[in-house]
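Novice: The lines below spell out each chain.
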Amino acid sequence: MIQSIVRKNAYYDSVTLMLISREMKSIEGVEEVLVGMGTELNLDLVRNLKMFDANLEDVTPNDLFIAAKFNDELVTMEQLVNSFDEQINRKKEASAGDYRPPTLRSAIDHLGGANLVQISIPGQYAAEEAETALKAGLHVMMFSDNVSIKDELRLKQVAVEKGLLMMGPDCGTAIINGVPLCFANVVSKGRIGLVGASGTGTQEITVRIDQLGEGLSQVIGTGGRDLREEIGGLMMIQGIEALLKDPETDVIVLVSKPPHPTVEKKIVDLVKQADKPVVIDFIGGDAASIIAAGATPCVSLEDAARKAVALLRGEKAEDFDGFDAPEEEIEKLVSDAASTLAADQKYLRALYTGGTLADEAIKYLGENYPIYSNIPLTPDRALANLGGLEGHICLDLGEDEFTRGRPHPMIDPLTRTEFFKTHVDGSTAVVLVDVVIGYGSHEDPAGAVAESVNAARERLLAENKDLVVVASVTGTDKDPQDLAQSIATLERAGIIVMPSNAQAVRLVGRIMDKIGA
Amino acid sequence: MSVNELFKQDLKVINMGLESFYEELRSQDVDTIHVDWKPAAGGDKKMASLLGRLKGL
Amino acid sequence: MVGSFDRTIHAVQMSQDLHDLLLHHENIVFRVHSIFRGSVNLLSPAEELVTIARTDVDMMPMGMTVDLPAHIAWPFEVDDSVVYNGQLEFVIPKNENRIRLRHARVWRPILSAPSGEIACASEEALSMIKKTLLELDSGGVSSVIRFIDGDTRESSCTSIYARFITGDICSFIDAVEAKDWERSLYQAELLVGFGPGLTPSCDDFLAAFILSLHYMNQWNHQDDQALLSFLQSIVELARSRTTIVSYSMLRHASAGKASDSYLKILEALATHNLPELRRAIDRVLEFGATSGADFLFGIWCVQTIISRWARQEECVLQKEDLI
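In order, the protein sequence lines correspond to chains A, B and C. Mapping the first sequence onto the working numbering, position 39 (from 1) lands on 39, and the numbers just tick up by one. Mapping the second sequence onto the working numbering, position 22 (from 1) lands on 22, and the numbers just tick up by one. Mapping the third sequence onto the working numbering, position 309 (from 1) lands on 309, and the numbers just tick up by one.
The hints are simulated quantities; they were obtained by calculation from the structure and are not laboratory data. Glycine included, C-beta positions come from ideal geometry on N, C-alpha and C. Take these hints with a grain of salt, some might be off.
Claimed, not checked - What follows is a list of derived Cβ distance ranges for each label pair:
1) T60(A) with Y186(C): 22 to 32 Å
2) G113(A) with S20(B): 18 to 28 Å
3) S20(B) with Y186(C): 51 to 61 Å
4) N71(A) with N85(C): 24 to 34 Å
5) Q273(A) with D20(C): 56 to 66 Å
6) N273(C) with A455(A): 31 to 41 Å
Build the full structure now, drawing on both the sequences and the hints.
Specialist: Rendered as structure tokens:
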């Protein structure tokens, strides 16, 4: 039996038609089925297969035809057409639960009441999306970097005008209403508010506050360039004003690299008016203007945390530049460490994933030792000037030069693993590392460090040498990676774990003094 | 919505970019949505605004 | 879940030719021509086909993508009217839904000449396409490549369409290689509109020829009038011999316009970018399935011919040097 039907102006895509004609061909009794558009050449094929019937006389290229050759004792044309329609109408179920809208605009429509947009798309596209968000009245947290300073200024001006937060570009850390954003630790809720222009610096202060038994109300990030002259501290000022008004905040902490003098003046002027205690760590910056403003300066990130806690408790905020452990214990650690080293093991290798933590190490150790770095204290200490491994090295492995084409070393430990292989050798005395855990970070950075240390020790065994490795963990017992577990992992690998980066750095300084490095 | 009003609300986050940031928010039961963002294929912003300008909008 | 939709849809991208068309009109009443899951075709009174697609669909000439979520059905049916109101909006009078254009980025449906030397497709590139096609089992005509590759068993062509057309495709290829445009056109007439699908397979195959030869002519500043009129004549043939969707595709191809994934193939070939070519091949097959395979088959054929021509020219030049 040969029969055909024609659907006027019916359109289905090629894939659908192909799948359906295959299905139809598999029906019992069907010898051949052609489904196609009624073009002259397709009709030629129908004729050629001797499947042409009168229905096809008036068909045009914009009509769909179904032509079939079948055994009419087994199947009817009506059944074939029904099967065709049934398959055409079979709709794919798309679940709305994991719906991912293609644009910011549709996301705003879809998630009713959204109040913050977190942006980590490539820099060249980020500014435009941030502007859309701000104009829609949403606060922005922008992890993306490579945004021009001109765009940053424009975005922050829009934000200030609308009373919104524009955290970033290049802002890695914030905790808003207790929710850690991007790279942040799970800390207790409390009465200390923080505005930070440096990501790991902010992380270090918040975890130490948590360990001291207090907590954070809000942690606002500004991005690293906020206190430059061009931006004028727009977001730090916006953040301070918000924390001053916030009834949940009793003490305010500010952390940043030293600001541009004109910006520092603005901030100090604002702080002068403050009716809440303000602790300021302009890492390595001048303390005089801070004191003059009635605020409290700091000697380290850890010190900032301790002072904030002291002020909150109504205690006196005193400089802390020592150790938690008693002096005898520290002295024993130092001499034990020194005794494991051979006479020609002299040099420091500080391999940091957190930029502010590396900065803190260089500023402290650089006072007594020439430290070569990619972020040197003075240009003559640039890593390139060392030209080999015969010197003290401290690196911020999160800088662009090391991360091009790969994730930040806090996300993927690979970069540091490689530096362990290339930069730790028989002349190395002490290795100093940070282990930053929390949201955003790698699932087990401590494990990666332990593995690298074990491999390095194995290599040095051939020379009959050992290594001293000192670490600190930036994290809390509530972080997904767990502070205690991370410390245990490091200690199992024979790594000395200090309670803060500042103490780790000081211990390394003591060891270097001891061995006459 | 001012910053201080934000402090009183539950955070509702739209995430654009790294999916891991979205997953981490979800794992903390934060109300969040992920934008399936893609760079526009050879998009030219200038042209679109030209169209807007010519039509006086 | 197929939900309803009661708000404004925003265009995400629009092609430059559509942008230019709208720029010159205050009011156009379109008719919904055909509806698919991922896209909708509108037809203007001047028979211009405009495609509105979801963002997971390829950008097309005379097309735009809109942010309509995948689980929400298109807010109109075939034969509804859709009005462009001159105010950067399409309005659907039936239910007052709107498609707003003002935030759309403009996408160029053509390629610019690659910077640096323009060469023909490398052997590695051609063999990557061939391998991909040999492993496919598409319902279109692309399985003819097995026959051309030397497998002359009838079963090598997996679809009934492919078996029927193998001879005509081979004759067409021979005629084009001989630059015998008259014979090529005669052979093309035996292909236009043939095959399954809304854009019949052979039309995708021919689109690859038209696009490739168009850009070869343009990039090498050949201004070969005989070639251009051959390409134009194929388009003329298509006007009555195939579907309107297919005709539009061929007409665009003769102006160097094509969907984003088709253009990416040509660009990757011209710049010898193999990783990009791999991605582009996967994209073409993902978006187009059968059509994509037929287009790739056309690309393989025409680019092989173009590189043979280039080699012959080199030989001629060398001989001239010797004399």
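Novice: Could you run down the list of hints and mark each one as holding or not?
Specialist: Here is how each hint holds up against the structure:
1. T60(A) with Y186(C): 22 to 32 Å: 24 Å, holds
2. G113(A) with S20(B): 18 to 28 Å: For S20(B) against G113(A), whose Cβ atoms are near 24 Å apart, the range 18 to 28 Å holds.
3. S20(B) with Y186(C): 51 to 61 Å: 59 Å, holds
4. N71(A) with N85(C): 24 to 34 Å: Hint violated: Cβ distance 56 Å, outside 24 to 34 Å.
5. Q273(A) with D20(C): 56 to 66 Å: 58 Å, holds
6. N273(C) with A455(A): 31 to 41 Å: Holds, since N273(C) and A455(A) (Cβ atoms, about 38 Å apart) stay within the stated range.
Checked against the numbered hints above, the structure violates only hint 4.
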